[in-house]
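Asks: One-letter residues, chain by chain:
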Amino acid sequence: MHIPDGFLSVPVLLGLGALSAGGIGLAARWGARDLEDRQIPLMGVSGAFVFAAQMVNVPVGIGTSGHLLGGALLAALLGPHLAALVMVCVVAVQCLLFQDGGLTALGANAFNMAVVGPYVAWAVLAVGRRFRAEWVALFAAGWASVVAGALLAAVELAVSGTVPLWPALVAMGTVHAVIGVGEGLLTVLVVRFLARVRPELVEVGR
Amino acid sequence: MKRWWLVGWLGVSLLVAGGLAHLASSEPDGLERVAEDLDFAEQAEEGGLGCLPDYQVPGHEDSWVGGSLAGVAGTLVVLGAALGLGGLLRRLRREG
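For the record, the sequence lines run as chains A and B. Note that the first sequence covers residues 0 to 205 in numbering that gives the first Met the number 0. Note that the second sequence covers residues 0 to 95 in numbering that gives the first Met the number 0.
Calculated directly from the structure, the hints in this document are not laboratory data. Quick reminder that beta carbons are idealized off the backbone N, C-alpha and C, glycines included. Some hints here could point you the wrong way.
Unchecked claim - Part of the chain B face toward chain A, derived, beta carbon under 10 Å:
no.: 1; residue: Leu22
no.: 2; residue: Gly58
no.: 3; residue: Val64
no.: 4; residue: Gly65
no.: 5; residue: Leu68
no.: 6; residue: Ala72
no.: 7; residue: Leu87
Unchecked claim - Covered by chain B, according to a simulated footprint, are these stretches of chain A (three or more residues, beta-carbon under 8 Å):
no.: 8; stretch: 29–35
no.: 9; stretch: 87–99
no.: 10; stretch: 165–179
Can you build the whole structure from these sequences, using the hints too?
Replies: Right, here's the structure in full:
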């Protein structure tokens with residue numbers, strides 16, 4: 000759901016750029032406070048993995064394809080603050096090196112996918128922890144992070160006057176509700192595997 | 000410190016970006032699909048700064064090797080960026 004140049008109006012772009020900058024600043028502050036040195040190599044490798052996985056589009060059957068977004072995966076491994084910052088790295092490299100997502104839309108894409116995704120996922124994981132349903136919560140976290148980003152994008156498109164609100168919400172919501180199932184399954188799969196190899200590095204379950 | 004598994008995970012990532020990505024579906028992604036259905040796809044503007052547009056080496060769009068190199072390069076750049084960010088945060092923590 001990388002937004003290209005030309006879809007969003009200037010005020011929306013500026014507003015989302017400011018929100019992203021603020022979000023990144025807060026994430027850096029909170030992330031630095033909790034950072035453990037052993038997490039730094041994990042930040043690098045998990046970010047590299049998310050970038051690579053995002054390249055693999057899988058058809059989801061409704062005339063569209065989806066790929067892993069990774070916000071929930073990173074949140075489960077690193078907590079929401081570091082996850083958001085690593086996601087920003089991924090989105091920025093995609094934009095600046097590969098023209099995936101418009102240059103003017105970088106702030107919007109960073110907000111939808113990097114800033115909001117990990118915190119939505121983290122909130123879902125926290126609820127799951129309370130009900131002792133962490134693996135279900137992990138699936139739900141992946142699904143919710145994708146759908147939240149898609150609905151935000153729909154609102155941004157509507158506020159920009161590109162498309163009416165309700166059709167955009169319905170269309171983006173429906174398509175990404177399907178794509179989100181893949182996100183949820185992949186998130187559970189990867190975190191389960193890592194939890195078996197290196198249980199101490201997975202934030203879920205602590 | 001046992002770090003072999005991290006090296007292994009990085010290896011898997013490089014294989015995904017350099018190999019598996021060739022099998023990626025070229026069907027439109029969710030937003031592209033919606034943009035076509037709701038008739039605003041033509042508003043998209045191409046172009047930008049990136050020197051490897053669409054994960055290809057310019058002039059070698061059909062080249063399998065070019066696509067692999069682009070994917071591997073991107074993976075390594077993200078690795079470096081996220082590691083650098085981690086170092087930056089560590090300094091921030093010390094000062095804070």
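Asks: Which hints, by number, does the structure contradict?
Replies: 2, 3, 4 and 5
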